[in-house]
Amino acid sequence: MRTPTPRRRRVAAVTTAAALGLSLAACGDGDSDGGDGGSGEGDTITLGYIPSWTDGLSTAHLLEHVLEEAGYTVEHEEISEAGVLYTALAEGDIDMFPSAWPEVTHASYMEQYGDRIEDIGAYYDNAVLTFAVPEYSEITSIEQLPDYADELDGRIVGIEPGAGLTEATQESVFPAYGLEEAGYSLATSSTSTMLTELGNAIDAQEEIVVTLWRPFWANAEYNVRDLEDPEGALGEPEALHFLGREGFTEDFPEAAEWIEGIQLSDEEYGALEDLVVNQHADDPAAGVAAWMEEHADVVGTPAS
Numbered sequence: 000m001r002t003p004t005p006r007r008r009r010v011a012a013v014t015t016a017a018a019l020g021l022s023l024a025a026c027g028d029g030d031s032d033g034g035d036g037g038s039g040e041g042d043t044i045t046l047g048y049i050p051s052w053t054d055g056l057s058t059a060h061l062l063e064h065v066l067e068e069a070g071y072t073v074e075h076e077e078i079s080e081a082g083v084l085y086t087a088l089a090e091g092d093i094d095m096f097p098s099a100w101p102e103v104t105h106a107s108y109m110e111q112y113g114d115r116i117e118d119i120g121a122y123y124d125n126a127v128l129t130f131a132v133p134e135y136s137e138i139t140s141i142e143q144l145p146d147y148a149d150e151l152d153g154r155i156v157g158i159e160p161g162a163g164l165t166e167a168t169q170e171s172v173f174p175a176y177g178l179e180e181a182g183y184s185l186a187t188s189s190t191s192t193m194l195t196e197l198g199n200a201i202d203a204q205e206e207i208v209v210t211l212w213r214p215f216w217a218n219a220e221y222n223v224r225d226l227e228d229p230e231g232a233l234g235e236p237e238a239l240h241f242l243g244r245e246g247f248t249e250d251f252p253e254a255a256e257w258i259e260g261i262q263l264s265d266e267e268y269g270a271l272e273d274l275v276v277n278q279h280a281d282d283p284a285a286g287v288a289a290w291m292e293e294h295a296d297v298v299g300t301p302a303s
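Per numbering that gives the first Met the number 0, the sequence shown starts with residue 0, numbered consecutively.
Source of the hints: derived by calculation from the structure; they are not laboratory data.
Treat the hints with caution; some may be incorrect.
Said to hold, decoys possible - Distance windows between CB atoms, simulated:
(1) A285 <-> G198: 21 to 29 Å
(2) E266 <-> E206: 31 to 39 Å
(3) G231 <-> R154: 18 to 26 Å
(4) A219 <-> S107: 26 to 34 Å
(5) A219 <-> Q111: 32 to 40 Å
(6) Q143 <-> E235: 18 to 26 Å
(7) E68 <-> E206: 46 to 54 Å
(8) P160 <-> E206: 22 to 30 Å
(9) E293 <-> G246: 29 to 37 Å
(10) A238 <-> A181: 31 to 39 Å
Predicted model only: the values in this text are computed from it and were never measured.
Backbone N, C-alpha and C define an ideal beta-carbon position, used for all residues, glycine too.
Between the sequences and the hints, there should be enough to build the whole structure, so can you do that?
Written out as structure tokens, the structure is:
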């Protein structure tokens, strides 16, 4: 195992502090591992993401594939919470967050940290937050949920407590549809736990409501259907962005120009995530390599 670099140690310290509920201190000096930003030879770019959020996992391995071919060294930092991730980016402890939702879902984090973060560009423009049920469910709309509180044991199954989707559910969806008054609570833990509960309910043909999003491979894998949101409580569709620490584009101009130009369609993104997360779950790099065989012209390469 490679010995952690100072940057990797700093992010680990921030994660530990958050887990213990301590206040987050400024834990980095904003230094860069970048060189002259030219061919990439000798430059190190650190990508931070939450691995259970598979949009970030997929794009991180895509960036790694192309950047390392261009001569960069790419390091991965797996982080457990969105707040820790944004703090690490703002403090310069990581160089990039490779799939952020800054327009709606992560807007509160951008309000807090945005003046120390660079928006490098958006690669996908139709991401949405959802409540979802199995296809066999009788429920078609969030506004019907009060009528099913007993059948659902008053539980909406969510993901990580610090996720923007969790915030939107608690602060917007619950008040808009009177879910707390109807006896509901939001069960938060992790994306993987939510998917386990979803799978178990489907196996038993039971009713369940989960918080989800699109694009996400699980929508097809678990054969679920979005609930209508007539109040618009989950917000409008938004774009997925590449975010960098302050100074990223100055330190890595060729890489930043290439990253800014990446645009993925529904089909292209769906194929990437399926290959990385499902078909090559034990070897994400192999999934990206397979995707690149068909889509190399979609992403191109950094300027030399």
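Worksheet item: How does the Cβ-Cβ distance of E293 and G246 compare with 29 to 37 Å: does it lie in that range?
Response: 35 Å, holds
Worksheet item: Holds or violated: 31 to 39 Å for the Cβ distance of A238 and A181?
Response: 33 Å, holds
Fill in: S107 and A219 - C-beta distance against the hinted 26 to 34 Å
Since A219 and S107 have Cβ atoms about 30 Å apart, the given range 26 to 34 Å holds.
Item to complete: State, for the Cβ atoms of E266 and E206, whether the hinted interval 31 to 39 Å holds or is violated.
Response: 32 Å, holds
Worksheet entry | Status of the given 21 to 29 Å range, CB of G198 versus CB of A285 | Roughly 25 Å apart at Cβ, these two residues keep to the hinted range, so it holds.
Worksheet item: Quick one: are Q143 and E235 within 18 to 26 Å, going by C-beta?
Response: At roughly 22 Å between Cβ atoms, E235 and Q143 fall inside 18 to 26 Å, so the hint holds.
Worksheet item: G231 and R154, beta-carbon distance inside 18 to 26 Å?
Response: Check passed, 24 Å falls within 18 to 26 Å.
Worksheet item: Taking the CB of P160 and the CB of E206, does the distance hold inside 22 to 30 Å?
Response: 24 Å, holds
Worksheet item: That 32 to 40 Å hint for A219 and Q111 (C-beta), does it hold up?
Response: For A219 and Q111 the Cβ distance comes to about 34 Å; the hint holds.
Worksheet item: Do the beta carbons of E68 and E206 sit within 46 to 54 Å of each other?
Response: 48 Å, holds
When each numbered hint is compared with the structure, no violation occurs for any of them.
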